[in-house]
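So the protein sequences, as listed, match chains A and B.
Those letters in the first sequence? Residues 1 to 340, by UniProt numbering.
Those letters in the second sequence? Residues 1 to 550, by UniProt numbering.
Certain hints may be false.
Below, simulated DSSO-like cross-link-like pairs (lysine-lysine); rule was C-alpha separation at most 30 angstroms, straight line [said to hold, decoys possible]:
1. Lys181/A x Lys34/A
2. Lys39/A x Lys330/B
3. Lys153/A x Lys340/A
4. Lys34/A x Lys52/A
5. Lys330/B x Lys34/A
6. Lys340/A x Lys34/A
7. Lys240/A x Lys314/A
8. Lys34/A x Lys240/A
9. Lys52/A x Lys330/B
Just so you know, these hints were derived from the structure itself, not from any lab.
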Amino acid sequence: MNVYSNTRRLLAGALLFAVSATTLADVNVYSARKEALIKPLLDQFSESSGIKVNLVTGKGDALLTRLKNEGRNTPADVLITTDAGRLYRAEEAGVLQAISSENLDAAIPEHLRSDDGYWYGLSVRARAIVYAKDRVQPSELSTYEALATPEWKGRVCIRSSGNIYNQSLVAGMLATQGADKTAAWLENFVPNFARPPQGGDRDQIAAVAAGQCDVAVVNSYYFGGMINGSDTAQREAAAKVAIFWPNQNDRGTHINVSGAGVTAASDNVAQAIALIEFLTTEDSQSWYAQTNNEFPAREGVQASELLESWGEFKADQVDVTELGERNATAVMAMDRAGWK
Amino acid sequence: MEISPPKSHLTGAVVGWRLVLVSLALVLSLPVLVIVASLAQPYSDVWQHLRDTVLSDYVSNSFLLMAGVGLGTFVLGVSGAWLTAMCEFPGRRFFNWALLLPMAMPAYIIAYTYTGMLDFAGPVQTALRDVFGWRYGDYWFPEIRSLGGAICMLSLVLYPYVYLMTRVAFREQSTAVLEASRSLGRGPWGTLFTVALPLARPAIAAGISLALMETLADFGTVDYFGVSAFTTGIFRTWYGLGELTTAAQLASFLLLFVFALFALERLSRSRLRYHQRTAQRAPRRIVLTGWRGVGCTVFAASVVVLGFALPAGRLLGWVVNTWRDTLDSKFLSLALSSVAVAVAASLLCLITALVLGYGKRRFPGPVETVAVRTAAIGYAVPGTVIAVGVMIPLAWFDNRLDTFMRATFDISTGLLFSGTLAALMFAYVVRFLSVSLQSVESGLSRISPSLDESARSLGHNGAGVLRRVHLPVLRGSMLAALLLVFVDVMKELPATLILRPFNFNTLAVRTYELASDERLADAATPALAIVLLGLLPVILLNRGMQRDGD
Chain A
1 MNVYSNTRRL LAGALLFAVS ATTLADVNVY SARKEALIKP LLDQFSESSG IKVNLVTGKG
61 DALLTRLKNE GRNTPADVLI TTDAGRLYRA EEAGVLQAIS SENLDAAIPE HLRSDDGYWY
121 GLSVRARAIV YAKDRVQPSE LSTYEALATP EWKGRVCIRS SGNIYNQSLV AGMLATQGAD
181 KTAAWLENFV PNFARPPQGG DRDQIAAVAA GQCDVAVVNS YYFGGMINGS DTAQREAAAK
241 VAIFWPNQND RGTHINVSGA GVTAASDNVA QAIALIEFLT TEDSQSWYAQ TNNEFPAREG
301 VQASELLESW GEFKADQVDV TELGERNATA VMAMDRAGWK
Chain B
1 MEISPPKSHL TGAVVGWRLV LVSLALVLSL PVLVIVASLA QPYSDVWQHL RDTVLSDYVS
61 NSFLLMAGVG LGTFVLGVSG AWLTAMCEFP GRRFFNWALL LPMAMPAYII AYTYTGMLDF
121 AGPVQTALRD VFGWRYGDYW FPEIRSLGGA ICMLSLVLYP YVYLMTRVAF REQSTAVLEA
181 SRSLGRGPWG TLFTVALPLA RPAIAAGISL ALMETLADFG TVDYFGVSAF TTGIFRTWYG
241 LGELTTAAQL ASFLLLFVFA LFALERLSRS RLRYHQRTAQ RAPRRIVLTG WRGVGCTVFA
301 ASVVVLGFAL PAGRLLGWVV NTWRDTLDSK FLSLALSSVA VAVAASLLCL ITALVLGYGK
361 RRFPGPVETV AVRTAAIGYA VPGTVIAVGV MIPLAWFDNR LDTFMRATFD ISTGLLFSGT
421 LAALMFAYVV RFLSVSLQSV ESGLSRISPS LDESARSLGH NGAGVLRRVH LPVLRGSMLA
481 ALLLVFVDVM KELPATLILR PFNFNTLAVR TYELASDERL ADAATPALAI VLLGLLPVIL
541 LNRGMQRDGD
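Based on the provided sequences and hints, a complete structural model is requested.
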């Protein structure tokens, strides 16, 4: 640690404190991204900018409720969440403000951000199919829809409908295929489950490896986490399965984003924008890929070696806002189909 | 010498106590009242959908869960208490405290560890398949992720509440009564069922109702096992459907269960008063030898192994692989802040419980009784619901004050309580007061009012009676109250997650974040730390118990 920078920081801190407690230039962050997956980047930002970042992590909806209740007095400047549904809800609830940043507009593709600058995607998460290498040929796989055909009866593992990734998947289907087709798909898909939905995405992969089911629908970064993880059993399980990108001949594999926006109550907008811009720099973007095996939201950023080994894939171009709009409808459709 | 205080003084005291109790009850039930107020709000279309699809599952699963855990904790808790308190068998001294160990194990953590071991992809079933050459569908194996699995997990870690309270009750039963039963020809079993159990009923009921309230509030286990219960439904309605009001309405219906529980518990001891009337002499133990003794040892050992040793061993195995990454410099401060809030919250809870318990004891009118029950309602309410109930009124107050100050003095006070440790403490007291209250009340109920009267007739005033008579007798109960809350706060997750201030973190939150990211091996270090810190009170508790009971 550099003594000069410490002293400087202390001086700056004392000075700011002397001015007024409310004008401290800290950026306060409410984050639904877990500490381990955001704090290191925030620290880097503080290091390079001298702006202190305060962090609370929690579930997206809980943070949103907190923002709503705290109203104009909320200390939060930035809201970070892990899916488009929550970002959409935050925008609808009026707790975010539109910002304009040429950097952000240039870095983040249009379908991964709000039209009016309320929020920006930070990382892309894809919902892929994994299959047992010894029992399934990739040629047997094609689309999410095809997993509802009779040949997959009792062979599919997937987690519960309470899970936001599945809700988004169904919401994406509602947006692109319409309510009737989606309902029909759910009607046939649910009976194909090998077991009642349970556990997380890693559990689905382990179940495929152990032979309880032949395919599973999972977020790809969990697969990456198992391959790179410290748990031997998980590494062995991951070695028995392979990843498949569905719907490559039509709309593309379903994706969702984690993203960030500036709160409506923030009186620290410049620093807040600086932080979000920092999160979309090439370095930060490749950090996501390295640390959590997520895909960069910024175009042209080198993903990790592992991600590249999975091959290029076509991602669903549906505006992620639509996933948020249809989240509740998706949950109800899943309830009706008996997806536990 | 004045035997009864003057009338005016008495009336003043009644009014004073009533005022204290009612205002405490109002403040402490405010978060719950905020939630219940949602019943008056318009019912959205989502209700129709819930009724048509999932509501019956929520109701029946929650009911079955309660029935199962009630039975499980009763069997494990009471038999453990009977064996260690009243019988002599190989290893009794060890099991005396070892049976408390599972209390240190949070339900969601034991669920993670067992799933890792017992699910289809886990080592047990994999080994079976390797040995016998089976494949999926060839054989039957109990499904850990099921309603039955959830009942087992919750029973294994919640029975110590029953054990703890029942054990004290057994030891404090008068020797004369038990020996009279024996001398009148009842065997040990007959004495257990006809004399000891009915006498211990308040303690058993208190223990089981604590366990059931924990069960109703549990989210981690049922969610992980994919059981649709009331708590999972509340979260689903809030997070999935984005309907906070409907979720609050659902939570209000959950409270009906709680009221039913309270009523049941009250009913079970209506008109019964239990006080020890003779000098305390611990009853002689029934000596179990031969296969009976070994049977008891095996039984007690398997409870401890299943509820503690096995899951703790699993955690330890993970820690061995991951501690280099997880045990960093920040870990100590994480542990310290967890302990600090847990200590503060348990002290606050104890003080509040003493005030309420005493008020109700001295002036046991209907208003007081209702007030005390209302103040403790928060225990059965999921932490998330409490957190929302705390957040709404505090933020409202803060914003109102701020608006007033801006308008009048042009000063912004901002948020004074919301998002501070004070808000979190408030939530902890609301949520866990019941734990300390049960303990304090059950302690107070064992002090005969005639003891107070004797002390008063000997010239002691209220404070004197408290200091000279009650405190020495209550010491064990107070210690239990402190430690039970301490462990509960260490494990608490949802309220902490929602209300915590900036840059404040606990072991439970760290465990949850890693585990919900499905990094169970990395979550093992903070999880094991929670378990180890939870052991300290277990050890202390055991010491207190030995002084009291042995």
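Which of the numbered hints above does this structure break? 1
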